[in-house]
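Visitor: Chain by chain, the residues run as shown.
Protein chains: 2
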Amino acid sequence: MKQRSPRSGVTRRAVLSTAASLPLLSLPQIRTAGWAQAGDPLPSWNDGAAKQTIIGFVQGAVDGSSRSFVPPEARIATFDQDGTLWVEHPMYTQVTYCLERVPAVIAQKPELKDAEPFKTVLSGNREAIAKLPMKDLEEILAATLTGMTLDAFEAQVGAWMRGARHPRWGRPYTELAYQPMQEVLRYLRANDFKTYIVTGGGQDFVRVYAQQVYGIPPEQVVGTAGGVAYSYDKEGRPILTKEPKLLLNDNNAGKPEGIHLMIGRRPFAAFGNSTGDRQMLEYTWAGDGPRLAMLLLHDDAQREYAYGPAQGLPDSKVGTFTQALYDEAKNKGWTVISMKGDWNRIFAFEATGSRALQ
Amino acid sequence: MKQRSPRSGVTRRAVLSTAASLPLLSLPQIRTAGWAQAGDPLPSWNDGAAKQTIIGFVQGAVDGSSRSFVPPEARIATFDQDGTLWVEHPMYTQVTYCLERVPAVIAQKPELKDAEPFKTVLSGNREAIAKLPMKDLEEILAATLTGMTLDAFEAQVGAWMRGARHPRWGRPYTELAYQPMQEVLRYLRANDFKTYIVTGGGQDFVRVYAQQVYGIPPEQVVGTAGGVAYSYDKEGRPILTKEPKLLLNDNNAGKPEGIHLMIGRRPFAAFGNSTGDRQMLEYTWAGDGPRLAMLLLHDDAQREYAYGPAQGLPDSKVGTFTQALYDEAKNKGWTVISMKGDWNRIFAFEATGSRALQ
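If you read the sequences in order, they're chains R and F. The working numbering puts the first sequence at residues 1 to 358. The working numbering puts the second sequence at residues 1 to 358.
Hints were generated in silico from the structure; no laboratory data involved. Just so it is clear, the structure is predicted and the values come from calculations on it, not from any experiment. Take these hints with a grain of salt, some might be off.
As the list makes no split between identical chains, a pair holds if one copy fits it or if it spans any two.
[Stated by the list, open to error] Listed next, the in silico EDC-like pairs over lysine to aspartate or glutamate satisfying Cα-Cα at most 20 Å (straight line): (1) Lys113 / Glu235; (2) Lys135 / Glu243; (3) Lys332 / Glu235; (4) Lys234 / Glu328; (5) Lys113 / Asp136; (6) Lys234 / Asp288; (7) Lys131 / Asp233; (8) Lys332 / Asp233; (9) Lys119 / Asp327; (10) Lys332 / Glu100; (11) Lys113 / Glu138.
Model the full assembly from the supplied sequences, consistent with the hints where possible.
Guide: Next comes the structure, spelled out in structure tokens:
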């Protein structure tokens, strides 16, 4: 979190300025007092720098007497989805959807059955599927995400979401949202922040379940967006049809560009977990006044997965938490959340973690 | 306003169904009772079908026991801007801005001084300017609306808005918002509707003043949108630069397409005044349940302007209220608002109209 005086450009921590305004109380006492009144807003978070940073930021943002105060209408918080709000391994959920949707597409267009890349997908050969080049993957995405009416698409995704199960946990993908991040979403909203998803995933795809899973309405989902075409059905009723025309590639620089297009103002808080989120975090952090920039590090192979700097992966892997990003975060003062150290519970379906009581 | 049973497809007026649930009270008594408690929400509207339709729609939407009930999260209302929320004659405000901005552009790029269409604009010859073909106009728009940072653009528009005056009233354009529509915006918001501008004008342009003028935040302004490019300034700070790249032409079919892109759900109420709004009204009206579709007819040459069907203008004029649109509205049951007959006051700076008391 950053506390910057608009004039001097000095960066300070709001958590410290909050403490300074109450010189007789130590920081832990402030927090304890707050929780005693309202309950701990982040019970799945272990006590530590990450939790303190979030709470300090929010307490400063809502305190009208603080230099960290943020007017309610400016309280915008943006969250990457895959790997930040829910599990992204072993494969992005949307890519799994597209691959599993291929048989239904072939049923409509049998002539594709023996054409690549559909033939490979139908073969079920996981190794071969994993090796499909980007061009082939894009063809599969176009065939499964476009060409139908919006109503049909939403019904298809909704039905799949109800039936599909994650290979590791055997549960619906919608249950694999991270409980600690759900608490952050609710805590921010309880303090008049508008919470947005800003995802490299498909905007229309995520909108199908974002309200149910995250309490985030369609108009607060920003994602990679294709065009829709307005026309009329046989009865003359208006319909929207999803087109294979890319309007916004909501990754990397596309994230602040998409935030401008869809929201029109700079967030005060941003959460991500990969190089695809770097520019969103930079853009958020560069604004005047207090800002929150947080990166989730997947370092818990036992309870979830460990990848990125936790595993010493090379920088070249696209869309992961590289060592360079880790270093930039540390240099700039962004907060790195350790899944292993900061979270006592990962999923809502788990029993409340015993670590919280230690 | 439309009341449609989800099963039967029968279209009925919610105002009638509301009355039917209270058989002992006549409709005027219901309204009077409501106003006595809360005051008339639409004092600049004369009593009549348009006002009754709006109030009946809102009363039905918030009444949990009514078949017209709309869940709060689905309460989306969209408004065209030019000619619907404020004056669009003799020229769209944004086009006036672009023309008046040309000298500043020339000061930066003197080599354009003798090049068309800039030479014609600098000449001040109004007839010649009015005759500029669309291609030339687009060149002027690109030169004055793109190529600068977003921060610079917002400062330029804000400064112009403070200084510019409408040729007829000699007042800032921001004072030429229609008072009756301001009342509708506030009335809808007081009943938990999210109010959106959906304009053919520039999204970034309208966002500069929408909060101040209409109480509508940037994220609820949908408009014709160009791309922005993310980069860094000399100090390494992130900047967004406006690019001459069209992402969304928010007119005609582009309005429902833009509504999907930016909002992601169908409005329950839509207000427009021209053929550019036709598809937005159709899309809104075609949804299940109660819907409000309203068109403002400019038929008051004395207090504002008279154009469109009021003047028997031919169908060919783009972006106006054509006779064909008027006929479609009447056939479908949309409500046509007569500026002359339905509004007792047009601008906030006018004294309260005496017609209201008749």
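Visitor: All the hints need checking, so say for each whether the structure fits it.
Guide: Going through the hints against the structure:
no. : hint            : verdict
1   : Lys113 / Glu235 : neither (33 Å within a copy, 54 Å between copies)
2   : Lys135 / Glu243 : within (17 Å within a copy, 27 Å between copies)
3   : Lys332 / Glu235 : between (58 Å within a copy, 15 Å between copies)
4   : Lys234 / Glu328 : between (56 Å within a copy, 19 Å between copies)
5   : Lys113 / Asp136 : within (15 Å within a copy, 50 Å between copies)
6   : Lys234 / Asp288 : between (53 Å within a copy, 18 Å between copies)
7   : Lys131 / Asp233 : neither (40 Å within a copy, 39 Å between copies)
8   : Lys332 / Asp233 : between (54 Å within a copy, 17 Å between copies)
9   : Lys119 / Asp327 : neither (43 Å within a copy, 53 Å between copies)
10  : Lys332 / Glu100 : neither (41 Å within a copy, 43 Å between copies)
11  : Lys113 / Glu138 : within (17 Å within a copy, 47 Å between copies)
Hint check: violations occur at hints 1, 7, 9, 10; the rest are consistent with the structure.
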